Structure formats: C-alpha cells, structure tokens
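**Student:** One-letter residues, chain by chain:
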Amino acid sequence: MSGDSLPLALPLSRFATGACEVTDLYRELREPLLRYLVCLGLSRDEAQDVVQDAFLSLHRHLASGRSEENVRGWVFRVAHNQARNRQGSYHRRFGEPLDLEIDVRLDETTPEGLVLEKEKLRRLRQAITLLSESERECLLLRAGGLRYREISEVLGMATSTVGDTIERAIRKLAEKCNV
Amino acid sequence: MAWLDRELGNDEMVELERHIGACSECRSRLESYKHSSATFDAYCDAVVSAQTHRRRVPRWVPVLSTAAAAAITATVVLVLLRARVETPALPRPVPVQVQAHRSAVVLENVPAPTPAPGKTMHRPRATTPGTLRQTANWQPTERAIQISIPADSMFPPGAVPQGVNFIVDLSIAADGSAEQIRLRPRLMEVQRRQP
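Protein sequence lines, in the order shown, are assigned to chains A and B. With my numbering, the residue at position 81 of the first sequence is 81, and numbering never jumps. With my numbering, the residue at position 15 of the second sequence is 15, and numbering never jumps.
Excised from the complex, chain A in its bound form (with noise of 0.2 Å):
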C-alpha cells in the first residue's frame, strides 16, 4: 500500500546529468499517476498529457536551480493540479455504471463470484460518491503508494488531517458497503 518516498534532495546537477535518474523516477511515478489521474475521471490519453507536462514542469523547475525533497509530493500535487484545471469530468468518473469495469476485471469468475463481486463493487460504487471530495482524494493518493506526509503536500492539509480523513473514509467505506 504505502511505498517508501525517494531520495529527498534532487538538485538540478544530479537530475540532468544522471538521465538514469531521470528514468527511474519517471518509470517509479509514471503509472501511480496514471492510476490516480484516471481514477480521478481523466481518459487514459489525458491522463498520459497531465503525466507529460507534470514531468516536464518538474524538469523546468529542476532547471531553474531549484530543489524539491519530496519530488513524489511534488510531481502529484502538479498532476493533480493540472488534472483539476482540464477535467470536466471530475464527478463523472464515480457516476458511470461499472459494467464494463466489472466485466474487464472479473471476466473468469465464475457466474456466481462474478455476481456477488458486482454487486460488491456496486455498493462500493454508491459509498464513493457519498464520500467528500477531501476523502476520496486521500484514499485515491493512498492507493497510489504515497505516504501521509506526501498526501498533506498535494493536498494543501496536515498530516495528522490525512490520517483522520483516511480513517473517516475508509470507516464509511466498511460500514456502507458492510465488507
């Protein structure tokens, strides 16, 4: 669940002469952002353009003489930043039916575990969208393997607010969706 943050300071001098650095980060990051940009209703194509300008941007302030410690933090707070500034569809993610989700994931279950599996992810379907927006922020960053320090500094809160709304959330979660 939580994956371990990277090395804190990334100066510029590092970054641009160690393009193996550079790889490893981008392929480290690359698909936790997918994930958390799709879930947050992005298309996968847009998700892939946020992802691009997030690196690019981090390159640009990487270039500018500056240094980040907490470049997972960082790299997701300007990804969801842009993610928030182009997404109409931010509340139409959670609203679609799960069909075909379901149907993608649970395609060699049997007929009776894919039943009770759709019905369970539809329960968890409604419960999401009763959660607030703060909520189901945290618990998509949490799935995407940051830590609660990191979570605070995309979303602009504490880090003790992180671990009382992941709490909140995740209590909702089991007592709505009664797992």
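These aren't lab readings, by the way, just hints derived from the structure by calculation. All clues stand as given, with none of them false.
Once the Cα atoms are required to be at most 16 Å apart in a straight line, the calculated EDC-like pairs of lysine to aspartate or glutamate come out as:
1) A:K172 with A:E135
2) A:K120 with B:D41
3) A:K176 with A:E135
4) A:K176 with A:E119
5) A:K118 with B:D45
6) A:K118 with B:D41
7) B:K34 with A:E167
8) B:K34 with B:D5
9) A:K120 with A:E175
10) B:K34 with A:E175
11) A:K172 with A:E133
12) A:K172 with B:E31
13) A:K120 with B:D45
Computed from a prediction, not measured in an experiment: that's the story for all the values here.
Following the hints, complete the assembly by docking chain B onto the known chain A.
**Tutor:** Only chain B this time, still in chain A's reference frame:
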C-alpha cells in the same frame, strides 16, 4: 489506519500491536478496514483497466464523419436543385367532374361530332352522364373535352330550328374548374324522307 499504513512511530506501533493482539474488537475492526481498503484498490484497478481497454476513437474520425455528412448533404441538395430547374413544370392530370345534362354525352378528344340521322346526336360510345374522366394524354393547350348537347335539352321546343345543334368547347383549368365554355351552333343536314 495509521497503524495499518505504518505511519506511526516505532513505540506506538509496538504498543498498538500488543493491544490488537489482545482486543478482539479492534482486531475485527482492523480486518474490516483491510477488506475495505483492498476493495477500494480493486475498484481503482477496475476503473484503470476499463479505461485502458476502452476503445479509442482517433480524433480525426468525428471530423471526417462530419465532413462526409456535409458533402453528402450538399450533393443531394445540388442534385435536387438541378432536377427542379431542368424539369418542366407539367401540371398534374386532374380529374374532370362534368356536371352534364341528363342527356349530355361526354366525349374525349373528338374533333367534331358525327351527325346522326334525325334528332339523335349521341355517339355510339357515349357514357353515362356525370362520368368522372381523366385523360391519359391530356395537353393543356388542346381542347380537352367536346360535349354534344341536343338543342331541345337547352331550349324550349320549337325555339331552335330543326337541324341546329350546338358544339360545346370546354377548357379545363389546372385546378379542375371550367376555364372556358364556348357554344358553337352547327347546322345539321336534314335528311329528307324517302318518298
């Protein structure tokens, strides 16, 4: 949740772990949280997987579809306009309602009535009065219908000399109304009695 996500310090982690081992209620709640968290992750995976497998429509497809639809529409409109310009506006054949006299006869495209012996002016192929007629080769510039009317049906007996007949030229307008009616008197030959 903080303990589950390993966000606590070492001392707190150890202390909470000891408590969870002894408290069945907290253990049950922890399992419920784990299950909810795993289900949420599965949901996110399903959303991402569906978005990945969703059929992508290239951006040029809607543009090309719109352009093709516009071209087809323009072609159809041009063809229709051209056909409208080139086709002469022929009036449609209209049914002709002839309110004929009791003894009138409707004849079609007859250049002139054939006089019959005596007072009989009927043609052999006369039809019943009030017949609805629609000619196949109707030409608006030609005389459409010629009606032969016995004189004694329009005038009192004796008012018209024997042997006088009338030829009616009737022009029908496009809307079916009588455009022009012309009576032409015609002197018929009187057959003499054989001695």
